[in-house]
Every structure is written in structure tokens, then in C-alpha cells.
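**Student:** Spelled out from the first residue to the last, the chains are:
Number of protein chains: 2
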Amino acid sequence: MTTKLNTTDFAAMEQRYRAAFFNSLGGFKSLTLVGTINSDGQTNLSVVSSVFHIGANPPLIGMIFRPESAERHTLDNIMQTGQYTFNHVTTNFYEKAHQTSARYPREVSEFDACGLQPWYSEKMKVPYVQESNVKLGIELAERIDLKINGTVMLLGKIVEVFIPTDCIEIDGFVNIEKAGSITVSGLDSYHTTQQIERLPYAKP
Amino acid sequence: MTTKLNTTDFAAMEQRYRAAFFNSLGGFKSLTLVGTINSDGQTNLSVVSSVFHIGANPPLIGMIFRPESAERHTLDNIMQTGQYTFNHVTTNFYEKAHQTSARYPREVSEFDACGLQPWYSEKMKVPYVQESNVKLGIELAERIDLKINGTVMLLGKIVEVFIPTDCIEIDGFVNIEKAGSITVSGLDSYHTTQQIERLPYAKP
Numbered sequence: 001m002t003t004k005l006n007t008t009d010f011a012a013m014e015q016r017y018r019a020a021f022f023n024s025l026g027g028f029k030s031l032t033l034v035g036t037i038n039s040d041g042q043t044n045l046s047v048v049s050s051v052f053h054i055g056a057n058p059p060l061i062g063m064i065f066r067p068e069s070a071e072r073h074t075l076d077n078i079m080q081t082g083q084y085t086f087n088h089v090t091t092n093f094y095e096k097a098h099q100t101s102a103r104y105p106r107e108v109s110e111f112d113a114c115g116l117q118p119w120y121s122e123k124m125k126v127p128y129v130q131e132s133n134v135k136l137g138i139e140l141a142e143r144i145d146l147k148i149n150g151t152v153m154l155l156g157k158i159v160e161v162f163i164p165t166d167c168i169e170i171d172g173f174v175n176i177e178k179a180g181s182i183t184v185s186g187l188d189s190y191h192t193t194q195q196i197e198r199l200p201y202a203k204p
Numbered sequence: 001m002t003t004k005l006n007t008t009d010f011a012a013m014e015q016r017y018r019a020a021f022f023n024s025l026g027g028f029k030s031l032t033l034v035g036t037i038n039s040d041g042q043t044n045l046s047v048v049s050s051v052f053h054i055g056a057n058p059p060l061i062g063m064i065f066r067p068e069s070a071e072r073h074t075l076d077n078i079m080q081t082g083q084y085t086f087n088h089v090t091t092n093f094y095e096k097a098h099q100t101s102a103r104y105p106r107e108v109s110e111f112d113a114c115g116l117q118p119w120y121s122e123k124m125k126v127p128y129v130q131e132s133n134v135k136l137g138i139e140l141a142e143r144i145d146l147k148i149n150g151t152v153m154l155l156g157k158i159v160e161v162f163i164p165t166d167c168i169e170i171d172g173f174v175n176i177e178k179a180g181s182i183t184v185s186g187l188d189s190y191h192t193t194q195q196i197e198r199l200p201y202a203k204p
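Chains as they are written, first to last, in my numbering: chain A, 1 to 204; chain B, 1 to 204.
What the hints contain is simulated information worked out from the structure, not anything from laboratory work.
Don't be surprised by glycine CBs; every beta carbon is placed ideally from N, CA and C.
Keep in mind that the hints are not guaranteed to be accurate.
Keeping only pairs whose Cα atoms sit at most 25 Å apart, straight-line, the calculated DMTMM-like set for lysine to aspartate or glutamate is [said to hold, decoys possible]: (1) A/K178 to B/E95; (2) A/K4 to B/E131; (3) B/K157 to B/D171; (4) B/K178 to A/E14; (5) B/K147 to A/D145; (6) A/K157 to A/D40; (7) A/K203 to B/D171.
Covered stretches of chain A (chain B as the covering partner; in silico rule of three or more C-beta atoms under 8 Å from a C-beta of chain B) [what the hints assert, rightly or not]: (8) 1-13; (9) 24-36; (10) 49-62; (11) 136-144; (12) 190-204.
Computed Cβ-Cβ distance ranges for the label pairs, DEER-style [what the hints assert, rightly or not]: (13) B/L199 to A/Q15: 37 to 45 Å; (14) B/L199 to A/D171: 34 to 42 Å; (15) A/N57 to B/T3: 26 to 34 Å; (16) A/R103 to B/G41: 29 to 37 Å; (17) B/Q80 to A/I148: 46 to 54 Å; (18) A/G82 to B/Q117: 28 to 36 Å; (19) B/L199 to A/E197: 24 to 32 Å; (20) B/K123 to A/I148: 15 to 23 Å; (21) A/N92 to B/D112: 43 to 51 Å.
Let's have the full structure, built from the sequences with the hints guiding it.
**Tutor:** If you want it as C-alpha cells, here you go:
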């Protein structure tokens, strides 16, 4: 049986119900821990499911911040330093990743509160998550404030990456399933994946 | 062993290698068939992995179009009618969905060429994919041209949805894994999912 819902039904939904509903409706999402630091050296870590690919040349990656969210410490830090890291999440620490979504005070580092290890590369001043399998170092390229609903979109330039060597395939494809990355649906549902197959370039 | 790559390495990559690399680096992505129609009544269908959640109230969903891509017929049609549909993909027809990425001429409908059935609701003039388990009807809200790399971002308002009734959980979460939706990594790697668990709202 199929349920049909329209704008009248959406408007009648209770707020948390509506958030759970639409967060799961777009499909499976990337699961990322964002590492930042402020100008006083205070680190921050937040889990996001709003990362999306923008382009490969130059390598650009986007992220959405919802208004009034716990992630705003992250946004503040990025605006201070111009840098951040994206760190894939695995089955080994997804509960800790989820815990970073709690509303900790600004003076608390989620690295300490949630039991994850900061790790620094030679190039970036912002922390990576040591436990993470795939790490991306990013420099802020552009901020776009979406007037339509008060969200903020950041476009970032990928400047360095750390990947398990045996997960980079011959044609450049990074096998993130082999690397252990997992996916998220909605606000709180975590999923491993099982590759069906890679399909060849499609021709008419 | 970990491979470290930086901007110098990125610049040295062959173009297709670079595209495969960065398309897989952001994490697992939603897999969506976009249904459109032009002002002459010609339908079009294209597979995209660039859909992302923007907000629940109002329900907004984003999509990126890369420059010079086969998806431009889709963009042209949306600019003509202001409407489009998002249709989740399942294991039953992911090969057909992939085939829509071939560069068919404008006068060919991918519904015919790839063997998928158009279906129309009472409200929208654009086609849904009958085979799809989760269907979203969308009205264009805003177009943003990203000067940074020539991509186009569309922000759309969800105006109706069709979902298997038994996949809507008590708190509003839509269990898209139960509905049969799959995910994609990179440009061509298709994956089913296995739910680990849903975690409760995190508190400090």
C-alpha cells in the first residue's frame, strides 16, 4: 500500500516528526565528522550528513549548516580559520560520532567528550580524527547564505587526502566500502553497505 | 598503508581518473532518477547522485548540475516547467537507471530508451518513474549559479510524496532500506545497505 502526502499533510506534521521524515526522504547520505579549531586553539568535532560533491577540477565539496544547530560552533570556527577536515566514519566509532551531535558547551571539545583522538598533518592547523579511515583536508572557498530558509552553505577546496592505499583502484575510484566507511539515513539510522557491482560507462 | 595526496598530485591526475577519485571521496550518496518534461511534452529521465537535504520546514531539497553534462536536458526542462520528480532507485532497475546517463539525443526519451514506465499524479505535469518505490514531486524554488566552477544548484520545494505505507515509522522516519532504496559511490558503484541501528537523540 502506498501513502500519498502533500503540502497540507507536511504542514500538519509535528516538528520533530517532520524533521525525521524529510531528513530520510532524500536517500542515503554521506557520514562525516567535521574537525575544526578556533583562534584560541579550542578544537571541535561535529557529525554531519550534509556533505555533497560539487566538482573534481578543482576538487570542490559542499556542506549545509542548518540554522540554530549544534553545528554552529563548527561554522564559527571555520569562519575564523578558513580550514576544516572531513573524516569518514566506520562501524568502529559511529556511536562516538553520533555523540558529537549533543549540545556541548563551546568550551568543551567533542574529541575529549566523545573519546576520539585528534591528529594533525604537516599542512593544516585543524585536527583530523585519528580513528578515521578516509581524511580530507579542506580550505574554505565560498560561503553562501540561503535566504530561502536561513541555512548556510560552505563550498570548500580539498587540499590534501589520506586514504588506505589498497582502496584506490586502478581508474581512480576509491573503494570506500572496502575502507570501512558507512552511510546514514535520516538523523540517526546507521548502515553498512554491500557492493552490488560497478557498471561500465553508459553509451546510447 | 596510507596514501597521502595533495593539490600537486590532484593536478597531475588524468581527467577521468580525477573525476572517479573525487566523486567517490565524499562518501556514499543518494541515488535518484530525475523525471522532467519540456514544453513540447517530450519526457526526460536522468540519474543523479547530487541530491542533498536542505531543510524540513519548508521541505527543501537541493541538486547540483555539472557543466556540459548529459543532465543538461533535465536542467533545460526544469527551467521551462518549474517542476521535476525525484524517484528512488532499487536493485530491480538500477541498470536501467545507470543507462539513463548515456548521451541520448534531445528527442529521445530515456523512459523509452531505458525501459522504464512514466507515471503521472493528479497534481504534477512531470513524469514519475512507475517502478520507483519512493517518489517526490518538486517545484523549483531557486536557481544558484556557482561561479567557482560553473555548476548550477537548484533548490526545490517538495510538494507531494508517495511512500510504501509500512516504511513510515511512528516518529516520522522513512525506512528507505526497507523500501528497497540503494546507494551509490563514485560514478558507477551501486550498493545495497544493511541497517546497524538507529541511535537515540544525543545528550551531553
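**Student:** None of the hints should be skipped; say for each whether it holds.
**Tutor:** Tested hints:
1. A/K178 to B/E95: Roughly 22 Å between the alpha carbons, so the hint for A/K178 and B/E95 holds.
2. A/K4 to B/E131: holds, 16 Å
3. B/K157 to B/D171: This hinted pair holds, its Cα atoms lying about 22 Å apart.
4. B/K178 to A/E14: Since the Cα atoms of B/K178 and A/E14 sit roughly 24 Å apart, the hinted pair holds (cutoff 25 Å).
5. B/K147 to A/D145: holds, 15 Å
6. A/K157 to A/D40: holds, 24 Å
7. A/K203 to B/D171: Answer violated: A/K203 to B/D171 is near 43 Å, above 25 Å.
8. 1-13: Check passed, 9 qualifying residues.
9. 24-36: Held - the segment 24-36 of chain A has 9 residues with a Cβ nearer than 8 Å to chain B, which meets the minimum of three.
10. 49-62: Since three or more residues must qualify, the claim that chain B covers the segment 49-62 of chain A holds, with 14 doing so at under 8 Å.
11. 136-144: holds (count 4)
12. 190-204: That given contact holds, which follows from 15 residues of the segment 190-204 of chain A lying within Cβ reach (below 8 Å) of chain B.
13. B/L199 to A/Q15: 37 to 45 Å: violated, 20 Å
14. B/L199 to A/D171: 34 to 42 Å: For B/L199 and A/D171 the Cβ distance comes to about 36 Å; the hint holds.
15. A/N57 to B/T3: 26 to 34 Å: violated, 20 Å
16. A/R103 to B/G41: 29 to 37 Å: Violated, at about 51 Å.
17. B/Q80 to A/I148: 46 to 54 Å: Since the Cβ atoms of B/Q80 and A/I148 sit about 21 Å apart, the hinted range of 46 to 54 Å is violated.
18. A/G82 to B/Q117: 28 to 36 Å: violated, 49 Å
19. B/L199 to A/E197: 24 to 32 Å: holds, 31 Å
20. B/K123 to A/I148: 15 to 23 Å: holds, 22 Å
21. A/N92 to B/D112: 43 to 51 Å: holds, 47 Å
Going through the hint list in order, the structure does not satisfy hints 7, 13, 15, 16, 17, 18.
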